[in-house]
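Number of protein chains: 4
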Amino acid sequence: MGQIHEECGVFGVYANETRDVASDVYYGLFALQHRGQESAGIVVCDDGVFSVYKDVGLVNEVFDRGAMEKLGVGTMAIGHVRYGTTGTDGRLNAQPIVVNHIKGRMALAHNGNLTNSSVLRERLELSGDIFHTTSDTEVISYITTEKRLTEPSVEAAINQAMYELEGAYSLVFMSPTKLIAVRDPNGFRPLCYGKLPDGGGYVVASESCALDAVGAKFERDVLPGEIVIFDKDGVRTIRDHCGTAKRTMCVFEYIYFARPDSFIDGCSVHEARIRAGRFLAKEHPVDADVVIGIPDSGLDAALGYSMESGIPYNIGFIKNKYIGRTFIAPGQSSRENQVRMKLNPIASVVSGKRVVLVDDSIVRGTTCARIVKLLRDAGAKEVHMRVSAPPFVNPCYYGTDIDSHEHLVAYSHTVDEIAKIIDVDTLGYISVENTKKIAVSDMCTGFCTACFDGNYPTDTEYASKKNRFEEKISLGKGKGDRTDE
Amino acid sequence: MGQIHEECGVFGVYANETRDVASDVYYGLFALQHRGQESAGIVVCDDGVFSVYKDVGLVNEVFDRGAMEKLGVGTMAIGHVRYGTTGTDGRLNAQPIVVNHIKGRMALAHNGNLTNSSVLRERLELSGDIFHTTSDTEVISYITTEKRLTEPSVEAAINQAMYELEGAYSLVFMSPTKLIAVRDPNGFRPLCYGKLPDGGGYVVASESCALDAVGAKFERDVLPGEIVIFDKDGVRTIRDHCGTAKRTMCVFEYIYFARPDSFIDGCSVHEARIRAGRFLAKEHPVDADVVIGIPDSGLDAALGYSMESGIPYNIGFIKNKYIGRTFIAPGQSSRENQVRMKLNPIASVVSGKRVVLVDDSIVRGTTCARIVKLLRDAGAKEVHMRVSAPPFVNPCYYGTDIDSHEHLVAYSHTVDEIAKIIDVDTLGYISVENTKKIAVSDMCTGFCTACFDGNYPTDTEYASKKNRFEEKISLGKGKGDRTDE
Amino acid sequence: MGQIHEECGVFGVYANETRDVASDVYYGLFALQHRGQESAGIVVCDDGVFSVYKDVGLVNEVFDRGAMEKLGVGTMAIGHVRYGTTGTDGRLNAQPIVVNHIKGRMALAHNGNLTNSSVLRERLELSGDIFHTTSDTEVISYITTEKRLTEPSVEAAINQAMYELEGAYSLVFMSPTKLIAVRDPNGFRPLCYGKLPDGGGYVVASESCALDAVGAKFERDVLPGEIVIFDKDGVRTIRDHCGTAKRTMCVFEYIYFARPDSFIDGCSVHEARIRAGRFLAKEHPVDADVVIGIPDSGLDAALGYSMESGIPYNIGFIKNKYIGRTFIAPGQSSRENQVRMKLNPIASVVSGKRVVLVDDSIVRGTTCARIVKLLRDAGAKEVHMRVSAPPFVNPCYYGTDIDSHEHLVAYSHTVDEIAKIIDVDTLGYISVENTKKIAVSDMCTGFCTACFDGNYPTDTEYASKKNRFEEKISLGKGKGDRTDE
Amino acid sequence: MGQIHEECGVFGVYANETRDVASDVYYGLFALQHRGQESAGIVVCDDGVFSVYKDVGLVNEVFDRGAMEKLGVGTMAIGHVRYGTTGTDGRLNAQPIVVNHIKGRMALAHNGNLTNSSVLRERLELSGDIFHTTSDTEVISYITTEKRLTEPSVEAAINQAMYELEGAYSLVFMSPTKLIAVRDPNGFRPLCYGKLPDGGGYVVASESCALDAVGAKFERDVLPGEIVIFDKDGVRTIRDHCGTAKRTMCVFEYIYFARPDSFIDGCSVHEARIRAGRFLAKEHPVDADVVIGIPDSGLDAALGYSMESGIPYNIGFIKNKYIGRTFIAPGQSSRENQVRMKLNPIASVVSGKRVVLVDDSIVRGTTCARIVKLLRDAGAKEVHMRVSAPPFVNPCYYGTDIDSHEHLVAYSHTVDEIAKIIDVDTLGYISVENTKKIAVSDMCTGFCTACFDGNYPTDTEYASKKNRFEEKISLGKGKGDRTDE
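Protein chains in written order, with our numbering: chain G, 77 to 561; chain A, 77 to 561; chain Y, 77 to 561; chain B, 77 to 561.
Hints should not be assumed to be uniformly reliable.
To be verified - Reference excerpt, derived from the structure (chain B facing chain Y, CB under 7 Å, subset only):
1. Ser99
2. Phe106
3. Gln109
4. Met144
5. Cys285
6. Arg335
7. Pro336
8. Glu347
9. Tyr398
10. Asn420
11. Ile422
What the hints assert, rightly or not - Which stretches of chain Y does chain A cover? Using the computed rule of at least three CB atoms under 8 Å from a CB of chain A, they are:
12. 167-180
13. 193-207
14. 211-221
Stated by the list, open to error - Lysine-lysine pairs mimicking DSSO-like chemistry, simulated, CA-CA at most 30 Å apart:
15. A:Lys395 - A:Lys496
16. B:Lys397 - Y:Lys395
17. G:Lys457 - A:Lys293
18. Y:Lys293 - Y:Lys512
19. G:Lys271 - G:Lys308
20. G:Lys293 - G:Lys146
Please keep in mind that the hints were generated in silico from the structure rather than gathered at the bench. It should be emphasised that the depicted structure is a prediction, and the values quoted were computed from it without experimental measurement. Note that the Cβ used here is the ideal one computed from N, Cα and C, for glycine as well.
Whenever a hint applies, use it, and build me the whole structure from the sequences.
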């Protein structure tokens with residue numbers, strides 16, 4: 077519950093015959109909507125012809141009947157949902173991007189953030205290349221096109237390009253004949269694929285819940301560093317980059333971003349959160365009457381806390397399901413009202429009780445403070461806050477957009493101070509150490525926890541938070557004082 | 077989860093000084109949105125001048141900035157949300173209605189359904205009255221105006237009118253100087269009022285959750301048969317009709333309609349549903365591994381089942397929170413997809429498990445069957461369905477819109493047959509007898525369970541389901557063959 | 077060019093078989109759009125069932141595909157376009173209105189303004205009737221319903237009602253089996269009917285251009301005081317009220333409101349305006365090089381001035397055809413820009429020339445002054461303004477909404493003063509006397525020129541400009557101090 | 077009246093201080109709306125920071141209050157309106173385009189069509205460049221960026237780029253410090269500039285009517301081949317390309333595209349059309365009673381015909397001013413209705429008369445045939461059609477989008493055959509020879525009449541009509557069989 081944002085979700089489908097692949101992508105993106113709400117886009121490939129439609133808005137806002145009709149049928153399609161930082165022109169940066177290059181055309185959807193894009197971009201511009209957006213995705217397409225001039229295939233070009241790209245990238249490429257899934261060697265962001273029923277083809281998605289959404293059967297996660305090619309000959313793989321870097325999956329995907337019904341690198345997100353709740357109960361036990369979670373993000377960890385502690389779980393809040401993205405509270409004290417409109421405590425559950433309140437994060441602390449006040453007004457005798465993520469104190473360079481330092485309550489306050497600010501009787505965060513243990517599977521061998529402990533797994537000398545590049549409407553002084561003579 | 081609909085929610089505010097009362101109503105209606113999603117309306121009274129705005133759509137769709145500005149400030153306001161049957165012109169029937177009559181003007185919002193409106197209407201038309209809508213609300217305003225010709229005040233006129241009205245009505249009236257709350261003698265539909273903070277005035281609402289939404293303190297439920305008047309002299313009451321009928325609160329309000337965070341007639345809705353779940357566990361025990369509820373409606377009863385049975389509660393489904401009212405699934409098999417898009421099981425919770433699945437109703441059975449299939453596809457070994465309402469087999473004449481007989485699976489099938497249709501291992505409904513025991517308080521002395529057992533608490537000879545009157549766009553052959561010569 | 081507004085246009089169709097009558101009304105209303113741009117509505121009658129759809133907006137905005145589908149097919153339909161005064165709730169007052177009464181139901185669309193509606197309304201309210209709107213139309217429906225209690229048919233009831241109604245009314249009624257056209261005895265507002273091709277039925281419209289729009293053949297004007305009934309037996313007429321009052325057709329219909337391609341009471345509107353231009357040339361000759369009109373309203377009279385004077389006609393302005401109703405000029409000096417955006421002079425036509433500039437009215441004078449300045453900036457040597465209507469100095473009680481006195485430049489200034497204000501070399505208005513001669517036909521035997529000379533053809537003691545009744549959102553203090561006790 | 081479309085209008089402003097330059101562009105584009113109705117865009121430069129907003133829709137649809145606020149203030153801005161061929165994704169191809177390159181950034185708006193863009197594009201792609209759109213504008217920006225790597229300034233780079241560009245281009249460039257206007261050496265498309273009042277700066281526009289729209293004073297036309305630079309030092313010019321090609325201004329700008337109130341290359345468009353009408357009267361005289369034009373395109377030439385022939389001019393049709401771009405006629409026979417809804421003859425003008433009907437083109441003939449039928453139905457005794465453009469028989473490669481051959485009635489029929497098809501008594505087109513004489517000024521020394529006579533002024537070996545490149549949504553099989561391996 078706060079101002080932390082994943083940047084993207086990607087989806088792709090390779091069908092064995094011409095059909096309504098756009099609808100598949102629609103359902104897939106709809107299931108990935110939590111990964112990005114600013115813009116949505118789909119590109120369909122019908123016998124080599126690309127049709128594209130993208131716009132700002134939620135998937136079901138962007139893709140009305142007219143838009144779906146424009147996209148038409150095809151054998152392949154890819155799609156993208158994107159979160160955008162305030163002030164940028166979401167429409168311009170909407171993905172997938174489609175480019176024409178010397179060997180044909182290519183569409184590309186990207187989740188993640190490069191750490192050397194400014195270096196690559198400078199080199200490209202010095203050779204006369206021009207950029208329409210500030211996004212890394214355009215850098216990736218240039219590097220790939222450059223390699224394509226000498227490489228015999230698009231996948232070989234991608235393989236070469238990966239020697240130059242640094243940072244986080246889960247990609248879905250579409251050429252006129254192939255669908256290609258790519259994951260960076262660190263495996264920062266999730267990516268998996270599955271089979272459509274009845275041998276209908278293949279589906280690639282950021283999370284497995286999107287495979288479920290189209291009735292596809294989960295096949296496996298794309299390996300860190302792997303290139304998976306889907307074409308008329310079936311599935312092939314290039315693994316030159318596998319094992320070239322330490323696995324550093326973003327642990328926040330398990331804690332916060334991903335949907336609980338997804339499996340990532342072999343581990344159920346729901347179970348990881350239950351486990352986080354259990355760790356919290358061990359690390360920060362308390363004598364209390366009831367455990368409740370803040371909907372929807374805190375419910376799994378609250379259940380875990382209850383299981384481990386034996387304190388009964390109950391439903392503590394009703395979330396008004398009519399609160400939508402575009403909702404604006406009228407009247408003056410609108411920020412306060414916004415919380416009250418969204419959440420209402422169930423007085424019979426908390427009145428006169430010692431309450432354990434679980435959520436997955438505290439960002440600014442203001443929303444949290446209002447929620448605690450609602451509980452106390454409803455009669456809660458004690459409120460014990462438990463948080464299933466450690467405090468954020470460092471910026472992320474791999475695709476997560478966190479509030480700037482001055483807004484992060486944990487950056488400038490101790491736990492005790494925060495407890496006072498949000499007015500709880502006790503406050504406990506899960507430790508970074510235990511955070512690394514919440515996801516359990518053969519593939520879960522390493523995590524990026526840089527936002528908690530500052531241990532960045534890659535060189536970040538030239539890296540910067542994406543939104544530093546994006547001033548005003550997408551084409552600001554990114555390159556500062558460079559004004560043309 | 078199905079095609080059962082409450083018809084309305086009402087809200088009113090009496091403020092001690094001129095201010096943004098429209099925003100109060102906005103917040104109140106937003107909290108009552110679950111009681112009606114077709115249209116919304118607000119009438120503000122500023123020094124005797126009425127401003128009205130209403131339209132089809134959700135509260136936050138209808139009341140954009142422009143609409144709120146049009147309403148302006150005032151000392152009183154009332155509002156309404158309405159569910160409308162398919163095909164009727166929601167705009168025409170949107171409430172509150174405002175009428176000018178001999179003694180001034182009056183605004184009126186209504187929740188419920190009269191059982192003698194056709195009789196009253198015929199009498200009124202025979203005296204030259206004309207009707208713009210098919211709604212009972214217009215009948216109530218005529219009867220009240222008729223009485224007002226000879227009575228000294230609007231509340232006295234309402235008191236007289238109540239001798240003629242039969243059926244279910246929770247009303248909020250607004251005259252240029254008074255706010256008046258009225259509940260029918262049977263008390264079919266809920267109605268309560270509270271105090272604004274700092275002596276700011278009074279608030280009337282269908283459910284207490286709407287009092288919470290504006291920061292008002294719950295004062296008490298309006299008694300069945302009571303008229304409560306709010307004006308410059310404070311609160312007064314007329315109780316001539318109290319005790320003239322048996323209390324027959326709609327039990328379905330507790331099971332299904334009302335929000336779990338509301339208290340109705342002294343009983344928490346959440347606790348009533350927990351209790352329903354406990355009764356289910358006693359009536360239909362089963363040996364199983366996990367209890368899950370269908371979100372959001374089945375969660376409370378599932379928790380109750382778990383508490384009583386000792387079988388662990390878990391989160392079984394993720395509900396896609398971006399599913400909105402206007403969502404349309406593209407592609408061909410859209411109905412099936414609609415379920416899959418909305419709900420996805422958490423495989424790690426149900427795979428290989430014997431699952432108790434709880435919901436509050438089975439209407440047509442089709443949605444339920446699809447949900448069961450999702451569970452089985454996710455690996456559930458057994459599925460035991462438990463329903464916290466008895467089977468519907470009778471029409472409601474008091475304001476609930478249920479599917480017609482031919483669509484109600486319980487009407488034409490035994491429990492065993494239904495179990496086969498929805499493909500569950502066992503199926504159990506709560507008994508009607510226990511249903512009457514789920515709400516516990518001093519005021520909960522009697523319930524209407526007619527939709528389950530056919531015991532209608534009032535004469536229904538001239539009653540009819542509202543939607544029989546409404547054919548096509550609101551002005552159909554209501555009176556059948558009566559065509560003007 | 078100014079702030080003068082007609083209140084309404086009406087249209088009706090009676091078809092000999094079930095078909096898409098809503099589309100006929102759509103085309104008819106679209107052709108009458110100039111008579112009212114605030115709201116539009118259509119009611120379709122299909123075998124006695126009425127379907128209604130109305131909303132604020134232009135015809136093509138209100139009636140999108142969804143709205144047309146809702147209306148469906150039928151054998152009869154009526155429609156209405158309305159101009160609304162600022163601040164009133166257009167949606168509430170949108171017509172046609174549909175009412176249910178003792179003998180069935182009735183739909184009604186009205187153009188004009190009663191002068192005794194306040195008297196009638198008071199009598200009706202004293203008998204217990206209630207009013208939803210402030211419009212005269214509701215009064216008419218009550219009076220008609222009242223008569224219907226004792227009369228054998230709806231047309232007989234209308235005939236009786238006409239003994240009570242005073243003022244301007246051109247009406248289209250629809251009962252479940254009949255379409256009825258009614259025009260007040262004075263014939264203030266136009267109304268005519270025609271035949272659909274191939275014996276398809278009949279069409280009633282405010283102006284003949286709407287008959288053209290549906291391919292109907294003009295049959296004749298409805299006579300002042302006449303009731304024309306269209307039903308399965310063909311066309312019948314009741315003429316009890318014909319000849320009971322002097323003919324006083326609104327002369328401003330010819331000068332300003334009606335479309336030039338319409339014929340009203342036997343006279344072409346275009347020819348009437350040509351004639352007005354000729355009179356202007358006779359009354360106010362001038363030595364000049366070119367005659368131009370302000371588009372679109374001044375073009376016909378400019379051509380007439382050219383014909384009579386022999387001074388060449390030319391096109392003096394280009395009107396930007398993308399200026400729409402909802403257009404808002406950005407930036408600060410928006411009012412001035414609004415004129416410049418709408419009109420641009422053709423410099424080659426006016427530069428160095430003595431220009432005669434013709435328009436149909438001067439209301440506030442500000443727009444006119446800006447247009448004259450545009451001409452001078454484009455090089456016009458002299459500007460001689462000629463106006464094809466006399467100065468407005470009196471309010472209209474028959475359905476025309478003119479600016480209040482303080483805004484009418486003619487009310488407080490002499491012609492010489494106005495000439496200075498708008499900066500023209502000479503200024504000439506047509507005389508009231510000649511105005512009465514511009515429409516020439518057998519039926520054109522008398523006109524209402526009250527807005528010019530104050531000779532009101534009916535008693536106006538209880539009359540008032542409609543907008544005095546309408547304060548704030550439609551239900552203001554119309555009846556002032558009457559607040560309910 | 078037909079299916080001929082100009083591709084674009086451009087506008088730019090250089091202000092001497094920071095202010096609301098976006099509004100200037102708004103007004104300018106609004107005046108150029110007739111040159112393109114599919115999309116509109118504005119880029120504002122504020123101290124080197126570019127803000128961009130563009131979308132499909134008319135200027136006043138795209139630039140609502142929110143969009144204008146996003147653009148903010150600045151010292152420079154450029155804008156563009158675009159016509160797009162059916163099926164292409166207007167949003168993707170909307171201009172201006174903004175690119176980041178090695179020396180900073182650049183915005184660019186383009187009117188016209190290159191004839192060697194496929195050649196240039198192939199060369200660029202072979203060096204690794206990628207293209208996001210199919211538009212020539214992207215080619216121009218690449219070529220300019222390429223030159224900029226070695227040239228000392230953006231204007232020098234443009235000057236070098238012009239050695240490579242062939243075909244029609246009127247361009248407005250914006251660098252962080254300069255506004256630059258460029259016109260191709262042939263001068264196919266118009267471009268001019270003017271001064272803002274009070275030394276406020278400079279304005280560049282496709283047509284002089286857009287200078288009028290912002291109150292700017294026309295300074296002069298940009299010369300064919302000229303580069304005009306506006307920056308803090310005032311106005312400079314580079315004329316290396318002036319006189320390197322024969323002047324071949326598109327004559328269709330005078331006949332059809334441009335607004336009558338514009339001056340192009342020293343000649344009034346209105347006067348050119350009057351002259352076209354006069355030539356028509358000389359070439360195709362006829363004995364008739366009245367001359368009328370089809371609004372709005374045929375009015376000027378009709379007036380010219382009347383002046384030359386002495387046959388009286390009159391207003392023959394009323395055009396419904398509520399017909400908007402998005403208008404959709406309901407019902408079945410919608411195409412026929414569309415004409416009837418748009419135009420209605422004034423029967424009193426044409427009934428019993430021998431009518432000369434003037435328009436500026438006949439494309440498919442179907443619309444024209446319907447209009448002639450309307451006249452005959454209104455009683456016209458004879459109809460003599462006169463067309464102020466010669467028959468189109470050749471494709472345009474310079475930026476005009478004409479229907480394909482099979483739809484052009486003149487391509488496959490003689491004048492006599494066309495006269496029969498549209499059912500006129502006589503039909504006369506202006507001759508190509510006289511067409512070249514309609515625009516008279518010192519600058520009007522040569523015209524492109526290729527669409528009439530096939531004399532293409534440049535090499536068209538590699539040229540193609542733009543829409544051949546654009547199949548399906550913007551990224552079709554433009555390069556056909558080139559599919560990536």
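Hint-by-hint comparison with the structure:
no., hint, verdict
1, Ser99, "holds, 4 Å"
2, Phe106, "holds, 6 Å"
3, Gln109, "holds, 5 Å"
4, Met144, "holds, 5 Å"
5, Cys285, "holds, 6 Å"
6, Arg335, "holds, 6 Å"
7, Pro336, "holds, 6 Å"
8, Glu347, "holds, 5 Å"
9, Tyr398, "holds, 5 Å"
10, Asn420, "holds, 5 Å"
11, Ile422, "holds, 5 Å"
12, 167-180, "holds (count 10)"
13, 193-207, "holds (count 7)"
14, 211-221, "holds (count 3)"
15, A:Lys395 - A:Lys496, "holds, 26 Å"
16, B:Lys397 - Y:Lys395, "holds, 11 Å"
17, G:Lys457 - A:Lys293, "holds, 19 Å"
18, Y:Lys293 - Y:Lys512, "holds, 28 Å"
19, G:Lys271 - G:Lys308, "holds, 14 Å"
20, G:Lys293 - G:Lys146, "holds, 29 Å"
Violated hints are absent here; each numbered hint is respected by the structure.
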